[in-house]
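Colleague: Here is how the chains run, residue by residue.
2 protein chains.
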Amino acid sequence: MAESPITPRDKDFATWYQDVVLQGDMAEPAEIVKGCMVIKPNGYAVWEALQRELDTRFKATGHQNIYLPLLIPQSFLQKEAEHVEGFAPELAVVTVAGGKELEEPYVIRPTSETIVGHFFARWIQSYRDLPLLMNQWANVIRWELRTRMFLRTTEFLWQEGHTAHANHDEALVEVLRILDLYAEVAEDVMAMPVVKGAKSQSEKFAGALRSYSIEAMMQNGLALQAGTSHDLGQNFGKAFNVQFQTNEGRLDYVWQTSWGVSTRLIGGLIMTHSDDKGLVLPPKVAPRKAVIVPIFRKDEERSVVMEKASALAASLGAHLDTREGLSPGAKFFHWERQGVPVVFEIGPRDVAAGKMVIKRRDTGSKEIIPQEEAPSRLASTLEAMQKDLYARAQQRLQQNTVLANSIGEVEEILRDVSAEKGGGKFVMAHLKDDPANDARIKEFKASVRNIPMTDSFDGPGKCILTGEPVDRRVVIAKAY
Amino acid sequence: MAESPITPRDKDFATWYQDVVLQGDMAEPAEIVKGCMVIKPNGYAVWEALQRELDTRFKATGHQNIYLPLLIPQSFLQKEAEHVEGFAPELAVVTVAGGKELEEPYVIRPTSETIVGHFFARWIQSYRDLPLLMNQWANVIRWELRTRMFLRTTEFLWQEGHTAHANHDEALVEVLRILDLYAEVAEDVMAMPVVKGAKSQSEKFAGALRSYSIEAMMQNGLALQAGTSHDLGQNFGKAFNVQFQTNEGRLDYVWQTSWGVSTRLIGGLIMTHSDDKGLVLPPKVAPRKAVIVPIFRKDEERSVVMEKASALAASLGAHLDTREGLSPGAKFFHWERQGVPVVFEIGPRDVAAGKMVIKRRDTGSKEIIPQEEAPSRLASTLEAMQKDLYARAQQRLQQNTVLANSIGEVEEILRDVSAEKGGGKFVMAHLKDDPANDARIKEFKASVRNIPMTDSFDGPGKCILTGEPVDRRVVIAKAY
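Those protein sequences? They're chains H and E, same order as listed.
Letter by letter, the first sequence follows residues 0 to 479 in numbering that gives the first Met the number 0.
Letter by letter, the second sequence follows residues 0 to 479 in numbering that gives the first Met the number 0.
Hints may be right or wrong, so weigh each one.
Here are the simulated lysine-lysine pairs, PhoX-like style, with alpha carbons at most 20 Å apart [said to hold, decoys possible]:
hint: 1; chain 1: H; residue 1: Lys288; chain 2: E; residue 2: Lys58
hint: 2; chain 1: H; residue 1: Lys297; chain 2: H; residue 2: Lys330
hint: 3; chain 1: E; residue 1: Lys444; chain 2: E; residue 2: Lys203
hint: 4; chain 1: E; residue 1: Lys365; chain 2: E; residue 2: Lys330
hint: 5; chain 1: E; residue 1: Lys237; chain 2: E; residue 2: Lys203
hint: 6; chain 1: E; residue 1: Lys297; chain 2: H; residue 2: Lys58
Have a look at the derived ranges for each label pair, beta carbon to beta carbon [what the hints assert, rightly or not]:
hint: 7; chain 1: E; residue 1: Thr14; chain 2: H; residue 2: Ser309; range: 52 to 60 Å
hint: 8; chain 1: H; residue 1: Ala13; chain 2: E; residue 2: Thr14; range: 53 to 61 Å
hint: 9; chain 1: H; residue 1: Thr55; chain 2: E; residue 2: Ser309; range: 18 to 26 Å
hint: 10; chain 1: H; residue 1: Ser455; chain 2: E; residue 2: Ala310; range: 41 to 49 Å
hint: 11; chain 1: E; residue 1: Lys276; chain 2: H; residue 2: Ala383; range: 51 to 59 Å
hint: 12; chain 1: E; residue 1: Lys237; chain 2: H; residue 2: Ala383; range: 28 to 36 Å
hint: 13; chain 1: H; residue 1: Gly466; chain 2: E; residue 2: Ser309; range: 52 to 60 Å
hint: 14; chain 1: E; residue 1: Arg301; chain 2: H; residue 2: Arg176; range: 24 to 32 Å
hint: 15; chain 1: E; residue 1: Gln244; chain 2: H; residue 2: Ser364; range: 37 to 45 Å
hint: 16; chain 1: H; residue 1: Lys58; chain 2: E; residue 2: Arg301; range: 22 to 30 Å
hint: 17; chain 1: E; residue 1: Ser302; chain 2: H; residue 2: Thr60; range: 52 to 60 Å
Treat the hints as calculated values from the structure; they're not laboratory data.
Computed from a predicted structure; not experimentally measured.
All residues carry an ideal CB built from backbone N, CA and C; glycine is no exception.
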C-alpha cells in the first residue's frame with residue numbers, strides 16, 4: 000500500500016486513529032462485508048501476542064480450551080429473557096443451508112452462553128463435576144450500526160470463558176480472579192492502566208446478575224471498556240436446566256460465570272500509546288522488538304555493512320531490513336509506522352568505528368553506542384520503554400480523572416468532549432446504581448463506566464441526582 | 000461423562016472410532032447443530048499442538064498470518080465458474096441480519112479463495128509486492144450430508160494458506176514446499192506416514208489447475224486425505240482482476256496457490272494409532288506426556304506417597320493425579336483412554352525402595368525402575384514410542400499396498416472393504432488421468448486418491464481401462 004500522511008491527533012483524533020491502523024499494517028476495512036475488517040499481518044501478530052499472554056494465564060488458573068459450534072438454534076436465545084432482548088437486534092441469521100430453507104434458522108453466535116448452557120446440562124451431574132472451567136477462542140458476529148476498526152466491528156475475534164460452580168461465592172471468586180487477570184494483562188503487558196469495577200445494573204451483560212469491567216482511558220480522554228467478567232448467577236442454569244447433585248445430596252442449579260476480551264484490545268493499545276508519527280507498540284506485544292537498517296551508498300560499502308549488520312541481527316534477534324531499492328529514510332519511516340520499539344542503524348563509518356545508532360520509537364531519542372553494548376542496551380531500552388509507556392498512560396489517566404459534585408458539573412465537564420476533538424475525562428461522582436440515573440447521564444451522551452472496586456476516590460457521599468447515600472463515586476465518561 | 004466400554008476394532012471399526020473419540024474426551028456430537036461437534040479439552044489440546052507445529056513452519060518459510068471476514072458476498076462465489084459449481088451445494092447462507100432481510104445474502108466461508116482474490120487485487124500492484132505469502136487460522140462451514148466427528152463435520156477448524164506469485168514456476172515451488180511441510184508434520188509429529196501426490200483432474204479443488212494431497216492409511220485400510228495444496232494458476236487472478244506490473248513493465252495476472260489442513264488431521268491421528276483400549280497419542284502431540292498415579296490404602300501411607308509423588312511430578316514435568324474418591328484402577332483406566340503416553344505408579348513400598356513403575360501406553364509394557372532413572376527413562380520411552388508408532392503405521396501401509404494390473408483385479412481387492420469391517424488397501428494401478436476413468440472407479444465406491452510423486456511403484460505401464468501408456472501407477476482406495 001502507498002504510504003499517506005497521518006492526520007495529527009489534535010486535528011482529528013478519529014481520523015488519526017484510522018490513519019495509524021492503516022499505515023501500521025494493522026487492519027483495513029472490508030467494505031464488501033458490512034462493518035467487517037481484514038486483520039493484517041502486524042495486527043494479527045499483536046493479537047497472537049495477546050493470545051499467548053492470556054492463554055498461559057487461563058491455563059495456569061485451571062481453565063481448559065474447547066470449541067463450540069458457530070451456529071446456535073434460534074430458539075436457544077429465547078430461553079433466557081434478558082439475553083434474547085439484549086442480542087436479538089444484532090443477530091445474523093442463517094435461513095438457507097445445503098440448498099434448502101431450514102426448518103429452524105440458526106443464528107451466528109453473538110456470544111455462547113446459550114449453547115454452553117445446553118452442553119453444561121449434558122456434562123454436569125454432580126458437585127464432583129464442579130467447578131467446570133472452560134474457555135474458547137472464537138469469532139463472533141454482532142450486527143452493529145456504527146463500526147470502527149478493532150473497536151467495534153460486525154465480526155470480531157475474542158476469547159469467551161464459561162465456568163460453572165457449586166455456589167455463588169465460588170462463582171464470584173472466579174469472576175474477580177478473571178477481572179484481575181485481565182487488568183494484569185492490560186497493565187503489565189499492554190502498558191495500559193485500567194479501572195476495575197462493577198458495571199451499573201443498566202449496563203450489565205444481558206442475562207447476568209452483575210457484570211464487572213476494566214475501563215481504560217484513551218488519549219482523547221474517552222473510556223474504552225477493555226474486558227468484562229460476568230456473574231451470571233443461576234440465570235442460564237435455570238434456562239438450560241443445568242442441575243447438579245450437591246454434596247448433601249440435594250439438586251441445585253449451577254452458578255455460572257462468563258468473561259471475555261476481544262480484538263478490541265488492539266484498538267485500546269493503539270489509542271493509548273501511538274503518536275502523530277504512527278503506531279507505538281509496547282515491547283511486550285511488539286511482533287518485532289528491533290530492526291536493523293543498514294546504510295551504504297557505494298557498492299563497495301555494501302558488503303562490509305551487510306556482513307556486520309547480519310552478524311548483529313543474529314546476535315540481537317533483530318530483523319535485518321534487506322529490501323532493495325528503498326532509501327534508509329523510507330525504511331526508518333516504514334518501521335516507525337509499524338511501531339517497532341527499537342531501530343538500529345549502521346553505516347560504513349559505524350562499522351569501522353565499532354559503533355551503531357540505537358533509536359527508541361516512543362521518545363524518538365537517538366544515540367551512538369559501541370556495538371558490543373548493543374545486546375544490553377537493547378534489553379534496557381525495551382524495559383525502559385515498557386515502563387515509561389505505562390507511566391505516561393497512568394499519568395494521563397490521573398490528570399484527566401476529576402471529581403464532580405453535581406449533575407450540572409458532570410455535564411459541564413463532558414459537554415464538548417468528542418471522539419474527534421478529545422478532551423474527555425473520567426468524572427468521579429456519587430451516583431446511586433439505578434437505571435433512571437443512568438438514563439439521565441445518557442442524555443448528554445456519556446455513561447456510567449463502572450463503580451470502581453478500590454475506594455481511592457474519597458469514600459461515601461450523596462447521589463448527585465437523588466441525594467440518597469451511596470458508598471463511593473462511580474466513573475462517568477464518554478466512551479467508545 | 001460416564002465411561003462406557005469401547006467396541007473392538009474388528010467388530011465394528013466405525014463404532015470403535017466413535018467410542019474412542021467420546022471416551023478420550025476428544026469431541027462429542029452437537030446434535031442440535033446439524034453435523035457439528037464440540038471439540039473437548041483433550042481434542043482441542045491436540046489441535047493446539049498441531050497448530051504450533053504447523054504455524055512455526057509457516058512462519059519459518061516466510062508466511063504471515065492474517066484474518067479475513069467469515070461472511071462472503073454470495074456474488075463473489077460466482078466469479079469463478081468451477082469454484083461456485085463445487086461449493087454451491089454446501090453453502091450456509093445468511094439472509095437476515097440486524098433484524099432486516101439483506102439485499103445481497105452472505106455465505107459463510109466454505110474456503111476463502113474468493114475474498115482473498117478481492118483483497119489481493121487491492122494489495123498487489125507490482126512484482127515488488129510478490130510473492131505475497133499469507134495464512135489464516137479459521138473456521139469454515141460446508142453443509143455435509145454424512146458427517147463423522149473430526150473426519151467430516153459441517154463446521155471445522157483449519158488453516159488456509161493463500162499466496163500470489165509472479166510466475167507459474169514460483170507458484171508450483173510453493174505448492175510443493177507446502178506439501179512437503181504437511182508430510183513432515185504428518186510423519187515426524189503425528190507419526191502418520193503419508194503418500195504425497197497429485198490429485199486426478201476429476202478430484203482436484205474446484206477452481207484449481209492441479210491439486211496435490213497427502214493420503215494416509217487408517218487401520219481399516221481406508222484412505223484419508225489429510226492435507227491438500229493447490230496450484231490455482233491464474234484462475235482466481237483473472238476472476239478477481241489481480242493484475243501486477245512485471246519487472247519488464249507488462250501487466251499480468253498473478254499466479255496463486257492455496258493449501259490447508261484441518262481438524263480432520265485429528266481423526267487421522269486417532270484412526271492411525273489408537274487401540275481397543277482407547278486413544279493412543281504420539282508423544283509429540285500428547286497434551287500430557289506423563290501422569291503419576293499415587294497408590295495408598297491407609298491414611299498413614301498417604302502423606303509419604305504424596306510427598307514423593309509430588310516431588311517426582313515436579314522434576315518430571317508430569318501431571319499428578321490427586322483426585323479423591325477414585326481407585327488407582329479407575330485412574331489408570333482414565334489415562335489409558337485419554338491416550339497419555341506414559342503413566343507412572345508409585346506406592347508405599349516403592350517409596351521405601353526408591354522405585355516406581357513406568358507403563359507405556361502403546362505396548363502396555365510395565366517395568367519397575369529406580370526413581371533416579373525416571374527422567375532419562377521417560378525421555379527414552381517417549382522417543383521410542385514416537386518412533387515405534389511411526390514404524391508400525393509405516394509397516395501397515397506397506398503391507399496393505401498392493402499392485403493390480405486389471406480393473407477386475409482392482410474391483411476384486413476392494414469389493415468387501417468398508418469403514419466398519421475394514422480390509423482396505425491402497426491398490427496401485429496404471430490409470431490414465433481422465434474423468435471417465437475416475438468415474439469407472441467410483442462405480443465400486445472407491446476413488447483415485449492421488450498420483451504419487453515418487454516413482455517407487457515400478458514405473459510406466461498401460462492404463463488398465465484404456466490401454467494408453469501412463470507414467471506411473473496411481474493409488475486407488477476406498478476413502479473417508
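Colleague: Run every hint past the structure and note whether it holds.
Modeller: Verification of the hints:
1. A distance of roughly 16 Å separates the Cα atoms of H:Lys288 and E:Lys58; the hinted pair therefore holds under the 20 Å criterion.
2. With a CA separation close to 18 Å, the supplied pair H:Lys297 and H:Lys330 stays within the 20 Å bound.
3. A hinted pair counts as satisfied when its Cα atoms are at most 20 Å apart, and E:Lys444 with E:Lys203 qualifies at roughly 18 Å.
4. Of the pairs offered as hints, the one joining E:Lys365 and E:Lys330 holds, with about 16 Å between alpha carbons and a cut-off of 20 Å not exceeded.
5. A threshold of 20 Å between alpha carbons decides the hint, and for E:Lys237 with E:Lys203 the separation of about 19 Å falls inside it, so the pair holds.
6. For the given pair, E:Lys297 sits about 33 Å from H:Lys58 by alpha-carbon distance, which is inconsistent with the 20 Å threshold.
7. Under the hint 52 to 60 Å, the C-beta atoms of E:Thr14 and H:Ser309, about 58 Å apart, fit the expected range.
8. Checked against the hint of 53 to 61 Å, the C-beta distance between H:Ala13 and E:Thr14 comes to roughly 59 Å, which is consistent with it.
9. Remark: the range hint 18 to 26 Å for H:Thr55 to E:Ser309 is upheld by a beta-carbon distance near 22 Å.
10. At about 44 Å, the CB distance of H:Ser455 to E:Ala310 agrees with the hint of 41 to 49 Å.
11. With their beta carbons about 56 Å apart, E:Lys276 and H:Ala383 fall inside the hinted range of 51 to 59 Å.
12. Checking the proposed 28 to 36 Å range against E:Lys237 and H:Ala383 shows it is violated: the Cβ atoms sit about 52 Å from each other.
13. Evaluation of the 52 to 60 Å hint for H:Gly466 and E:Ser309 yields a pass: the beta carbon distance comes to about 59 Å.
14. With their beta carbons about 29 Å apart, E:Arg301 and H:Arg176 fall inside the hinted range of 24 to 32 Å.
15. Under the hint 37 to 45 Å, the C-beta atoms of E:Gln244 and H:Ser364, about 40 Å apart, fit the expected range.
16. For the hinted restraint 22 to 30 Å between H:Lys58 and E:Arg301, the CB-CB distance of approximately 28 Å keeps it satisfied.
17. A beta carbon spacing of about 27 Å between E:Ser302 and H:Thr60 contradicts the range 52 to 60 Å that was offered as a hint.
The structure fails hints 6, 12, 17 (numbered hints given earlier, in ascending order).
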